[in-house]
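Throw the hints in and build the complete structure from the sequences for me.
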Amino acid sequence: MSASLSRKFLADLTQVYATLRPQALSAAFLSDLKQVHATLPLASGANLRLLAKRFDKWRSVTQDFIRTRFRKLDKDDPLRCPVSLFRPKGYGRLETAHTRTLAWLLDPNGEHGFGNTLLAALLRHLSGRDCSDKLRAKPVQSEVPINGSGAQGRLDVLAEGIWEDGESAGWVLAIEAKVDAWEGEDQLLKYEAWLRSRAAGRALFRVFLTPKGRPPETGSEGWEPMSFLNLVQVFRNVYGKLRLAPGFHFLKFYLAGVLQDVCRLLPYQDVRRLFRYAGDRSTDPYAVASYLKTVHDSRSEAGKP
Amino acid sequence: MTPLGKPLVFYLKYVAEMNRLYGDPEYYGGEPDLTGLDDAGQVRDMARIVGDTASEQVADFLELCGRGIEKHFTSLGIARLAGKKTRAFIKNHWAWSTELQVPSVATGEFWCGVWITAPPEVRISLANDACGVVVPWLWSMGGRKGEDAIWEVVGSWADSRAGEGLVSDSGTVALARIPVTPQPSKSFDVDRDQLIAAVMETVARIRAKQMKAIARLVAGLKETDEN
Chain A
116 MSASLSRKFL ADLTQVYATL RPQALSAAFL SDLKQVHATL PLASGANLRL LAKRFDKWRS
176 VTQDFIRTRF RKLDKDDPLR CPVSLFRPKG YGRLETAHTR TLAWLLDPNG EHGFGNTLLA
236 ALLRHLSGRD CSDKLRAKPV QSEVPINGSG AQGRLDVLAE GIWEDGESAG WVLAIEAKVD
296 AWEGEDQLLK YEAWLRSRAA GRALFRVFLT PKGRPPETGS EGWEPMSFLN LVQVFRNVYG
356 KLRLAPGFHF LKFYLAGVLQ DVCRLLPYQD VRRLFRYAGD RSTDPYAVAS YLKTVHDSRS
416 EAGKP
Chain B
88 MTPLGKPLVF YLKYVAEMNR LYGDPEYYGG EPDLTGLDDA GQVRDMARIV GDTASEQVAD
148 FLELCGRGIE KHFTSLGIAR LAGKKTRAFI KNHWAWSTEL QVPSVATGEF WCGVWITAPP
208 EVRISLANDA CGVVVPWLWS MGGRKGEDAI WEVVGSWADS RAGEGLVSDS GTVALARIPV
268 TPQPSKSFDV DRDQLIAAVM ETVARIRAKQ MKAIARLVAG LKETDEN
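Residue numbers (my numbering), protein chains in the order written: chain A, 116 to 420; chain B, 88 to 314.
The set of hints was computed from the structure by calculation and includes no laboratory data. All values derive from a computational prediction rather than experimental measurement. We treat Cβ as the ideally placed atom computed from N, Cα and C, and that holds for glycine. Watch out, some of these pointers could steer you wrong.
To be verified - With a cut-off of at most 27 Å between alpha-carbon atoms, the simulated DSSO-like pairs for lysine-lysine come out as follows:
1. K293/A <-> K158/B
2. K100/B <-> K168/A
3. K273/B <-> K172/B
4. K172/A <-> K100/B
5. K172/A <-> K187/A
6. K158/B <-> K178/B
7. K171/B <-> K232/B
8. K100/B <-> K408/A
9. K305/A <-> K253/A
10. K367/A <-> K293/A
11. K204/A <-> K190/A
12. K356/A <-> K190/A
13. K172/A <-> K273/B
14. K293/A <-> K178/B
15. K293/A <-> K232/B
16. K273/B <-> K168/A
17. K305/A <-> K171/B
18. K367/A <-> K187/A
19. K171/B <-> K158/B
20. K187/A <-> K204/A
21. K172/B <-> K305/A
22. K293/A <-> K172/B
23. K149/A <-> K178/B
24. K253/A <-> K293/A
25. K172/B <-> K158/B
26. K296/B <-> K171/B
27. K296/B <-> K204/A
28. K299/B <-> K158/B
29. K296/B <-> K158/B
Said to hold, decoys possible - Sample of chain A residues facing chain B (criterion: CB under 10 Å; computed from the structure):
30. D171
31. R182
32. T398
So this is what it looks like as structure tokens:
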């Protein structure tokens, strides 16, 4: 539809519109603003210097912690491993490489020989229930086409199964991962209805996996944000049990690659640099420390009677 | 000289610490472990003030870069700009970008943007005394192929491609790495005007001819995909 409007009408409209716009800010507002602003704390030079001093000490304490814990790390720990599974092919941050591998690692029937160890560790992390010997899962799928319930797309990882405790109806685990890309428009929201219908009353765990564990921009609150570092930590908790499995070295190179290429925690030589040069800023020592704490905690847990 | 802003320069110098204390805890893997941090409560309060101010200063800086970039592409007379970013987006992401369309080349749209960052957020070694980098970039859909299309046109002078340390999103080409260098080196003083001039000098290398060439290559990719 188009309308032919006279110049006079448009000029009048402009005039009327101008009277509707707020006039200049009132003197009272400006004076109050000035008063309130004067009470605000400032990021003064002195404050910045004090903060810098505190941060330098915090970093130094954290680096000491890393030094101590690093020496105690197992020789086959992924943090010590300089080889990234995907980097030689240029796939270090390729999303599909990660999600397909993740689906394979979680699949209890995979040739890796891990059984349901990794899947159970992840479900335990999400549900809080210890379920490894009561878990039965269907083959884990990746790049699952989602059609229907108003949604269209591909879900990165889908696992389904039951707990053999006779108490609950079973579970569905959905993982949507983003390495560098952002979500498509309402992507997770669109998956919601499909997932709920698929779960049909079973417990539904939805994981939004990103390098830093950022929350999703869309979707319900049911999507649990998880960082790749957190995922490595969950797997690291049960890593020691898998040493004799055929897929152990694959898992080691995969986790090393996630730490290096996705979490940017390393490369390996950067951790060693922390030992030599206190001013080094190329590695995030707090993330390294967080990982080392997990390794330590998992050992303490394993040592419990 | 217009200062970039001491809080922003401070943030770049201490990215790992500031991200933990000021960033969304959910985003940075939960509540930070503050072992070794004296006066943790007071330090957190100060970090919040510094972070808030730094984010405003980032938005001021990137909006100015954005205005310059928009002016440049508009002045070429062949481009249409879309997808303007809000100030809130710029503050959250420390990045500005715009979509560039060449109306004579349908479906040849690509994006130009600028972001500011520092290691360990990016895996690069900084020049001596620098505490961060400003990165003007181009991006196209099509992943590696989109990147190839852009690289074919600007590769002789651009800085690097995705995965080479500075930018990681497939389809992106970093046009330059402009160091943020305090003067004197121990201070938090950086000249914002110089940084903006360096960004503009980089973007100005993309003339109408290069723009059309990129748009044609990008559009060609889509035709190939459709066929």
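Here is how each hint holds up against the structure:
no.: 1; hint: K293/A <-> K158/B; verdict: violated, 34 Å
no.: 2; hint: K100/B <-> K168/A; verdict: holds, 12 Å
no.: 3; hint: K273/B <-> K172/B; verdict: violated, 34 Å
no.: 4; hint: K172/A <-> K100/B; verdict: holds, 15 Å
no.: 5; hint: K172/A <-> K187/A; verdict: holds, 23 Å
no.: 6; hint: K158/B <-> K178/B; verdict: holds, 22 Å
no.: 7; hint: K171/B <-> K232/B; verdict: holds, 25 Å
no.: 8; hint: K100/B <-> K408/A; verdict: holds, 26 Å
no.: 9; hint: K305/A <-> K253/A; verdict: holds, 24 Å
no.: 10; hint: K367/A <-> K293/A; verdict: holds, 22 Å
no.: 11; hint: K204/A <-> K190/A; verdict: holds, 25 Å
no.: 12; hint: K356/A <-> K190/A; verdict: holds, 15 Å
no.: 13; hint: K172/A <-> K273/B; verdict: holds, 17 Å
no.: 14; hint: K293/A <-> K178/B; verdict: holds, 21 Å
no.: 15; hint: K293/A <-> K232/B; verdict: holds, 20 Å
no.: 16; hint: K273/B <-> K168/A; verdict: holds, 13 Å
no.: 17; hint: K305/A <-> K171/B; verdict: holds, 26 Å
no.: 18; hint: K367/A <-> K187/A; verdict: holds, 18 Å
no.: 19; hint: K171/B <-> K158/B; verdict: holds, 13 Å
no.: 20; hint: K187/A <-> K204/A; verdict: violated, 32 Å
no.: 21; hint: K172/B <-> K305/A; verdict: holds, 25 Å
no.: 22; hint: K293/A <-> K172/B; verdict: holds, 22 Å
no.: 23; hint: K149/A <-> K178/B; verdict: holds, 24 Å
no.: 24; hint: K253/A <-> K293/A; verdict: holds, 24 Å
no.: 25; hint: K172/B <-> K158/B; verdict: holds, 15 Å
no.: 26; hint: K296/B <-> K171/B; verdict: holds, 24 Å
no.: 27; hint: K296/B <-> K204/A; verdict: violated, 34 Å
no.: 28; hint: K299/B <-> K158/B; verdict: holds, 17 Å
no.: 29; hint: K296/B <-> K158/B; verdict: holds, 17 Å
no.: 30; hint: D171; verdict: holds, 9 Å
no.: 31; hint: R182; verdict: violated, 13 Å
no.: 32; hint: T398; verdict: holds, 6 Å
Checked against the numbered hints given earlier, this structure breaks hints 1, 3, 20, 27 and 31; the rest are met.
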